[in-house]
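Colleague: Turn these sequences into a full structure, and let the hints steer you where they fit.
In order, the protein sequence lines correspond to chains A and B.
Going from the first sequence to our numbering is simple: count from 1 and add 4.
Going from the second sequence to our numbering is simple: count from 1 and add 12.
Any given hint could turn out to be false.
Stated by the list, open to error - Reference listing, derived: stretches of chain B covered by chain A, where coverage requires no fewer than 3 residues with Cβ under 8 Å from a Cβ of chain A:
#	segment
1	178 to 184
2	191 to 202
What the hints assert, rightly or not - Taking lysine-lysine and the DSS-like style, the derived pairs with C-alpha atoms no more than 30 Å apart in a straight line are:
#	chain 1	residue 1	chain 2	residue 2
3	A	K205	A	K149
4	B	K109	A	K198
5	A	K152	A	K52
6	A	K47	A	K152
7	B	K155	B	K62
8	B	K236	A	K52
9	A	K176	A	K205
10	A	K198	A	K176
11	A	K226	B	K62
12	A	K149	A	K52
13	A	K176	B	K109
14	B	K109	A	K52
15	B	K62	B	K147
16	A	K176	B	K155
17	A	K47	B	K109
18	A	K205	B	K109
19	B	K232	B	K109
20	A	K176	A	K227
21	A	K198	A	K47
22	A	K198	A	K152
23	A	K152	A	K226
24	A	K52	A	K141
25	A	K226	A	K149
26	A	K149	A	K47
Keep in mind that the hints were calculated from the coordinates and are not lab data.
Since the structure is predicted, the reported quantities are computational estimates derived from the model, not experimental observations.
Beta carbons: idealized from backbone N, C-alpha and C, even for Gly.
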Amino acid sequence: MFDFEGYGPGLFQGALLTMELAALSLIIAFTLGLLGAVGKLSKNPIAKGLATAYTTIIRGVPDLVWMMLLFFGGQIMVNTFFDWLYNFSDGSIDIFFPFNEFLAGVLTIGFIFGAYMTETFRGAFMAVDAGQIEAGKAYGMSNIKIFKRIMFPQMMRHAIPGIANNWQVLLKTTALVSIIGLADMVRLATEAAKSTGEPFKFFIPVAIVYLGLAAISDLFFKKLTTVYSAGVVKG
Amino acid sequence: MFESTLEIFSNPDTYLTYWDGTVITVQMVFLSLLVGGAIAVPLAILRTSKNRWINTPIWVFTYLFRGTPLLVQLYMIYYGVALIEGIQQTFWWTILKEAFYPCLIAFTLNTAAYTTEIFRGTIETTPRGEIEAAKAYGMSWGKRMQRIILPSAFRRAIPAYSNEVIFMLHASAIASTVTIADLLNAGRLIYARYYAPFDGFIFAGIIYLCLTFGILAVFKQLEKRMLGHLQPR
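Modeller: Structure, rendered in structure tokens:
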């Protein structure tokens, strides 16, 4: 039954690549989401404007368009920047930075989900009781301490359902990297299906892996919810 | 750099390419939402049934289509249709051999799964009192659905449904991978014709952005009209 006609190890590698991509983009998305949320909630009009423009433009354009833009234009962008640096420094800085599909994939997915995370974190920050922050100030904590000890742990409780949602969508979005030529599960399954003429034999296992990853993450987030809900009395 | 942009956008052919792509994208999204929505209504009603034998199969359908990437579903249908025994001899083949219909089927099933869950959510959260009032008036199950539950559920589904519409518009960009000349494909053509990735894809992106804002504006109006009574004063 599980005869993949020699494509088995390749598919497994592809599954690993999918997970690697998803994990790396989640890190970028998480960081950008926190920054974006802080920007959106700040009183500084420039930070607020930047964060708002970021979330609006990113979320208004399809993910695949961003990916193509970065894939086909990424190297030109990088080269232009380093050419400028070369001329600017009179030839003392001479760098060639190769831009590849993997980078294009991780950066696009990270940036897109950063915009979604921004909205999640913004809502979660607003849900933290203002009295808590005032109490922190009264204790003489610095802004960073307040963020680390008071805001972040309490914000996470409200943010987890949103993060879980974003993660499930992100996982499925990684399938798009197969279009720009990365050898993930979907790409290998497509190649195998074309050469053997048996699409279901390869696509069904791929679908099962996606479902399995979703189910495992679901369990993980349930656990995380209990961790961050410590001390909260359910109504 | 700017001369080439000028060259690209002073050529009327460019706009024609984008226009054709936009028409295909809008057509495909509109058709799949229409058919997918029509499938979702009965499925959502059945999904709220208390009978396990009715609601479990529908749960399986929505779980499978929401848990796997649309790209995988598209490839499965696109490459899979050609393998149905003997299909190439029947008249269905004249329709199915083009990429448009397999693509439409994949999009329709996908949006039907998501929409079913949206409607199920709003049907289940119908205020209890409304249903009790309908029962007190002696309405049958059918009458209750038709007069009380569904109209209220559809109204409350509008905000979530607008997200689904935008999601569908954005997801439709993958149609370009199975040789459909949609809006993203137009961007690719311009890129290939002039070797101008920024001009080609950014212009396509701007059109998508405009379509997104258009959809949002329509749904905002709709919400104002249909959900006015739930709006904070």
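Colleague: Under the criterion that the straight-line Cα-Cα distance not exceed 30 Å, is the pair K52 of chain A, K141 of chain A satisfied?
Modeller: 24 Å, holds
Colleague: Could you grab the alpha-carbon distance between K226 of chain A and K62 of chain B and see if it respects the 30 Å cut-off?
Modeller: 26 Å, holds
Colleague: Is it true that the CA of K152 of chain A sits at most 30 Å from the CA of K226 of chain A?
Modeller: 23 Å, holds
Colleague: Please verify whether K47 of chain A and K152 of chain A have alpha carbons no more than 30 Å apart.
Modeller: 20 Å, holds
Colleague: Sort out whether K47 of chain A lies within 30 Å of K149 of chain A, counting only the CA atoms.
Modeller: 20 Å, holds
Colleague: For K152 of chain A and K52 of chain A, compute the direct alpha-carbon distance and say whether it is at most 30 Å.
Modeller: Holds. K152 of chain A to K52 of chain A sits at ~22 Å (cutoff 30 Å).
Colleague: Regarding the pair K176 of chain A and K227 of chain A, is the alpha-carbon distance no greater than 30 Å?
Modeller: Holds: K176 of chain A and K227 of chain A sit about 22 Å apart, inside 30 Å.
Colleague: Tell me if chain A covers the segment 191 to 202 of chain B under the three-residue, 8 Å CB rule, please?
Modeller: With 3 residues in contact (Cβ-Cβ under 8 Å with chain A), the coverage given for the segment 191 to 202 of chain B holds.
Colleague: Would you check the hint for K176 of chain A and K205 of chain A, treating anything up to 30 Å between C-alpha atoms as holding?
Modeller: 20 Å, holds
Colleague: Between the alpha carbons of K109 of chain B and K198 of chain A, is the straight-line distance 30 Å or under?
Modeller: Satisfied, since the Cα-Cα distance of roughly 16 Å is no more than 30 Å.
Colleague: Tell me if the straight-line CA distance from K205 of chain A to K149 of chain A falls inside 30 Å.
Modeller: Violated. K205 of chain A to K149 of chain A sits at ~54 Å, over the 30 Å cutoff.
Colleague: Below or equal to 30 Å on CA atoms is what counts here, so check K226 of chain A against K149 of chain A.
Modeller: Given pair K226 of chain A, K149 of chain A holds - Cα atoms ~28 Å apart, limit 30 Å.
Taken one by one, the earlier hints fail for this structure at numbers 3, 14, 16, 17, 19, 21 and 22, listed in ascending order.
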